[in-house]
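Peer 1: Protein sequence lines, in the order shown, are assigned to chains V, S and A.
The opening position of the first sequence corresponds to residue 1 in the numbering used here, with each subsequent residue numbered one higher.
The opening position of the second sequence corresponds to residue 1 in the numbering used here, with each subsequent residue numbered one higher.
The opening position of the third sequence corresponds to residue 1 in the numbering used here, with each subsequent residue numbered one higher.
It cannot be assumed that every hint is accurate.
Straight-line distance between alpha carbons at most 30 Å, and here's what the computed BS3-like set of lysine-lysine pairs gives [as the list claims (entries may be wrong)]: (1) V/383 / S/115; (2) V/345 / V/262; (3) S/95 / V/385; (4) A/184 / A/286; (5) V/21 / S/208; (6) A/119 / V/202; (7) A/184 / A/263; (8) V/324 / V/385; (9) S/115 / V/385; (10) V/20 / S/196; (11) A/42 / A/119; (12) V/20 / V/66; (13) S/115 / V/21; (14) A/184 / A/260; (15) S/196 / V/383.
Going by beta-carbon spacing under 10 Å, a handful of chain V positions derived as facing chain S [claimed, not checked]: (16) 187; (17) 247; (18) 250; (19) 290; (20) 370.
I should point out that these hints are in silico values taken from the structure, not numbers from a laboratory.
Glycine included, every Cβ here is placed at the ideal spot set by N, Cα and C.
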Amino acid sequence: MPDQRVVEPEYLLLEAPREKKFITGSQAFAEAVKRANVDIAIAYPITPQSETMHLVGDLYAQGYVKDYYRAEEEYGAMSAIAGAVRGGARAFTATSGPGLLRGLEAIVSWPGHRIPVVLGVMTRVVNAPLSIQPDNIEISYLLNAGLVVLHAENQQDVFDFTLAGFVISEKVDVYLPVVVATEGFFVTHAKGYVQMPSEDMKLPPRDPYKAPVPPTDCEIPPARIQRDAPVQKSNFMSYLIHAVWQQEVWSANRRAMKWIYKYLGGPVEVVNPDAEVFIVASGCAAAQGREAQRYAEQEGLPVGLVKVKSLRPFPEKEVREALKNAKAVIVPEHNIVGWLAKEVKSVIPNSGIVIDGPRVYGGMTLPVELIMEEIYKALGIKKEKKTVV
Amino acid sequence: MKRYNIRIAGVGGQGVVTSAHILGNAMSAAGKYATLVPFFGSEKRMAPVEAYVRVSDQPIYEVGEVVYPNVIMIYHPQVITHGKSYTMPFYTGLKENGLILINSDADIIPDEDKKVLEDLNARIYMIPATQIARDIAGTELATNMAMVGLFFGITRLVGLEHIEKALYERFLGGTFVASGGTTALDSAIEKKFKKKQELLAKNMEVIKYTMKLAEENGWVEEEEKKVAT
Amino acid sequence: MGLEYVRISPGFERYMPRDYVDLVKFGQFGKQVDVMQLGQFKELVEEHPMCAGCYMAYFIRVFYAALPNPEDTIVLGTAGCARLALSQAAVPFIYGNYGDTNAVASGLKRALTIRFPDKVKDVVVIAGDGGLMDIGFGMTMHSWFRGEKFTTIMVDNEVYGNTGGQESGMSPKGVQLKMAPLGKKFDKINAVELAQVAGCVYVARISPTNPKRIAKVIRRAIYAAREFGPTFIHAYTSCNIEYSIPTREVLKDAREREKKDFKFYEWMTDEVKEYLEEIERKEKEKAKQEVK
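Using the sequences plus the hints, can you model the full thing?
Peer 2: As structure tokens, then:
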């Protein structure tokens, strides 16, 4: 392990020279953790996530991470993460599909407990019949909890979102967990090019006293003597306290947006803004959409792409602006319910232009050809198909 | 833009996933682009295994299994004769003007399928890759190398030095993330060859042989014929 | 040391709440108190909304008085009766999700060890029979298997009191409770034996009839956890409501149970024994000197 010098987040994330590596998504998670000055990582096996936490375990063995253990199961892992973060540590963990749902009670309580942490979510089918493939319906379970949810398209996003995730999560005006979701296998087990700053640098350590809610470490004057547990005084106090606390959680969630602009270049990426037909997609579906947009452009078709990087906070204004002249909006997704299509429809005035799909589920590949078909349909183009399917 | 979307079908134990990594790493070594998706299920000896590789001179965005390939590589005759593939028939989804590379010492494509492939204007090249591996490397485990050599022999996408670098990375580098099964197989190969260096040299010989085979048979793609999507 | 943070900056006394000033002046911070003096010093917990005659409330009161290091102690609890009092004590309290205490405590203790390798930071879980032996069973056991260095105290009222009197794994066999309309069909879980097998270095079972002994057991468990590994106390804290024990008879009930299935039991490893003897010898010497 090289000696790592602490550098400012702005330098590490935005300015430091980068070198190109050909690595898997799992490796990209680990490379981000390596540079994030992480105190503790807690692992529990589930495919396809396990490889990421194996690699983080190697980082612990090498000394990049100070403590690491294999937990009893996900609820225990996510609870222990909450304990470690309350104790002032910077923590990382990751899970997939059924593991995410098993840990969900703990995870959705993190925002209310004001737990700044980064959680990697490598998507996997959650409902029966069981499968290990990368359906991403589980992301919809994360959208109403106050968590910041970023959705990575490829290995580069995994690296950038994870490293920036630690910085954003610990901002005083955010102080919330950041989920970095990406599709299992398609990203985690596939290799892609990732531009990374040198591994001899790391983020400054977490400063748990720079916080809206202090750590529980007996090292600060008590904010109040907890003689009076007000939540229990009456139902009215209970309503009120929960309400104001959650209002603040969601305000904090919206405040993450400015940091997403600063560190990740904004919550959306728009390709060919003057197009007539737009593909709106997040995660892997954005990669498929990007490919389709390129083919369409080669054929001279007026097609654009809106990649949504941040699902929470959702870029309402940005999506509305990008689609203001759109005649049709195609929303390719890796799940059966179409959670992204619903989000998109909810923020534009003319939701009738949104085409629900194409969707694949069960973790199936989303062939670019399916998106092309929707593009041709939207533009009234007829194509003859010869392929045997 | 040159783009090959490759579907490799073989059976467990043939090094299908390993060769996908080598194809990708060789492209990377040549400064070009590749993405790969090994199919991860429970891999068992002689059960169907598929891997997918996309190679191009331009960045590649899309991910996932190649449903509509323009190159199909068949590592074992049973893929065709016993239906050991995830999709039936083995050429499902093949695009027009595609390439099919088959490891077989006999013509195993049924006539009715030949007719469909002709309509799609597919080029079919067959070599006895297992026999070549046995003759040159002394092990069937180099079958995948024969197929890699054939692919690069036809497409000429990368030079020998790039393939060699890819092999080096795969067998001697520390960056490859292997499944338990692959690691066990590696150690079996190692025992057979004693030294990894020797293994690498044998593999290179197989690759050189099938590359030359492509040249001698006049299978090398001319520039304008190259598959473009 | 947490003590610095508890103390009031000079000149601020008159602006601080009376309660706080009394805690610092007449409370336990920075000193050891004798539990037999309860009522003669400012206690860490005074008010609580627990039922009249609740033995668990009494146990918790003794627990706080027994803490060897209250200014550097963090208490964790889970849903249930105990946390009603725990959340009102002048010691940092973490109220997590259902049954998560021993997982949260594992992460917390490790974080504190990373950040303050040279300081004593005591982490103590106080949770009920439902929290530790039912919903949180896996996390309780695994924190012990892993050898996590904190103390777990099970306040066993043999019922889910806070949710209205349902059967728990610690209810005695045959008892008719909600969700056990025909009586409980299996035996009380042997938590003490489980703890011992699972790797606790100090284990005690106690019916809280003798405050001095309660305090001693609690201090021993906390001391041992600092150095050696997980420690466990199984305390009988009856539910006078669900088990219909008249308020004036809760102590009598505790004594009766002490004669039956809650006989005092204490077990520790040899190295813990040696360590505790040394600490207790020093404490006695110190006390003697103070008397002089």
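Peer 1: All hints, please: hold or fail.
Peer 2: Hints and how they fare:
no.	hint	verdict
1	V/383 / S/115	holds (23 Å)
2	V/345 / V/262	holds (27 Å)
3	S/95 / V/385	holds (10 Å)
4	A/184 / A/286	violated (50 Å)
5	V/21 / S/208	holds (28 Å)
6	A/119 / V/202	holds (27 Å)
7	A/184 / A/263	holds (22 Å)
8	V/324 / V/385	violated (33 Å)
9	S/115 / V/385	holds (17 Å)
10	V/20 / S/196	holds (28 Å)
11	A/42 / A/119	holds (26 Å)
12	V/20 / V/66	holds (27 Å)
13	S/115 / V/21	violated (44 Å)
14	A/184 / A/260	holds (19 Å)
15	S/196 / V/383	violated (52 Å)
16	187	holds (7 Å)
17	247	violated (39 Å)
18	250	violated (33 Å)
19	290	holds (4 Å)
20	370	holds (9 Å)
Checked against the numbered hints given earlier, the structure breaks hints 4, 8, 13, 15, 17 and 18 and satisfies all the rest.
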